[in-house]
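Peer 1: Protein chains in written order, with UniProt numbering: chain A, 1 to 208; chain B, 1 to 208.
Note that these hints are calculated values from the structure, not bench results. Each statement offered as a hint is correct.
For chains that are exact copies, the list does not tell them apart, and a pair is met inside one copy or across any two.
Simulated pairs of lysine to any residue, SDA-like, Cα-Cα distance not exceeding 25 Å: (1) 63 <-> 20; (2) 79 <-> 27; (3) 65 <-> 132; (4) 79 <-> 164; (5) 65 <-> 37; (6) 79 <-> 126.
Number of protein chains: 2
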Amino acid sequence: MSTAEETSGGEMRPWAEVTPDAARRLLVAAVEAFAERGYHATTTRDIAGRAGMSPAALYIHYKTKEELLHRISRIGHDKALAILNAAADGEGGAAERLSVAVRSFVRWHAAQHTTARVVQYELEALGPDARAEILALRRQTDAVVRGIIQDGVAAGEFDVPDVPGTTLAVLSLCVDVARWFNVNGPRTPDEVGALYADLVLRMVGAGK
Amino acid sequence: MSTAEETSGGEMRPWAEVTPDAARRLLVAAVEAFAERGYHATTTRDIAGRAGMSPAALYIHYKTKEELLHRISRIGHDKALAILNAAADGEGGAAERLSVAVRSFVRWHAAQHTTARVVQYELEALGPDARAEILALRRQTDAVVRGIIQDGVAAGEFDVPDVPGTTLAVLSLCVDVARWFNVNGPRTPDEVGALYADLVLRMVGAGK
DNA sequence: CCGGGACCTGAGCGGGCGCTTAGCGAGCGT
DNA sequence: ACGCTCGCTAAGCGCCCGCTCAGGTCCCGG
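Working from the sequences, and respecting the hints, build out all of it.
Peer 2: The structure is reproduced here in structure tokens:
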């Protein structure tokens, strides 16, 4: 779970773990629809239609429309956290681990920007319990990045006056990639990852 | 329009330019509701209720619910652009102008985070014409920041390998403040502005 | 004291929403 | 060959949405 190929690519088909097939097709359709129009502007009829089913079919696999969002959000956050953890547990100094972490985290947010957009920006549509569960995952994400930065400061590699504030800014920067990234734009996910890794190293004062 | 007090504080009451009074109350109510729940999850009954009016009163001052969002978005973008222009036209070298620009831009996004959230994240709910108008304003915003960074590079003050990419990242970072800023959090808008100005100067390699 | 316009309300329309229910038909163990 | 189960659909329920409209209230010039 922390091997190199897991880290860099993850699973080829992002939703392979969702079964049966009809449930996965509905979930993929929901991701697309939520990303395009937002949760509240998406109708259950639209989701079912994209999956080639009647509106009622949705309720065989999911109790409510909100459960779809919850499942998407949970799986997406798990994936993002796994990517970050793999980088944080890797070899090398704080600078290299931070660089790898940002590069892979950003690459995921760019390549899977449809999913990431839903995961990162539709949180408020969740009910209190589901939202609390997701927020706990976000706190873990924050702790991982803060840990790397603290390591770098302790080792004298970084110069960071405000560790919590800088952590917040770094994560905000990476996550927001999902909002503006455009497949038809001039940059590949790899290029954005490399650019952002460089920018973040500058932010923490990793003089090289 | 580029004096110091205009730049730092703007108008005291943000929506003073909206008249008559009832129209302003409705608009303020809409900003709050859109920021809390999102455009699509907000009902016209909710907006009118917050403004202390009946649902029908809304349609005396605005043709549709979308016109409310359009007006909010337009005014907010104008204000954000004015803040940035004031900083870009200021005195001093590129580093100082970039610092002032980020500080005041971020301070606005933090202090007016309710408005900024609507302005920055509900764009997709607008119709094609309104959206095109707003996107033109965003391109101006981008051009202003890119201009300052280019000046710095040309003057040898900055070290920036990818000017458009860095501009995008800087703006993304500043704008995303509106998403996470919390009035009850540990940081004042001023403090966030100062932190971000420092981080951005590091991103452009403005050796101190 | 009256007439008129600006502003607002109560009631409600047409429609689309999330979700439910009754029942159909293909696949399969026996 | 049969009947059970599973996955699905057609139809539609009840609700609340954005929005409308006839009419009431109040202020103000004459």
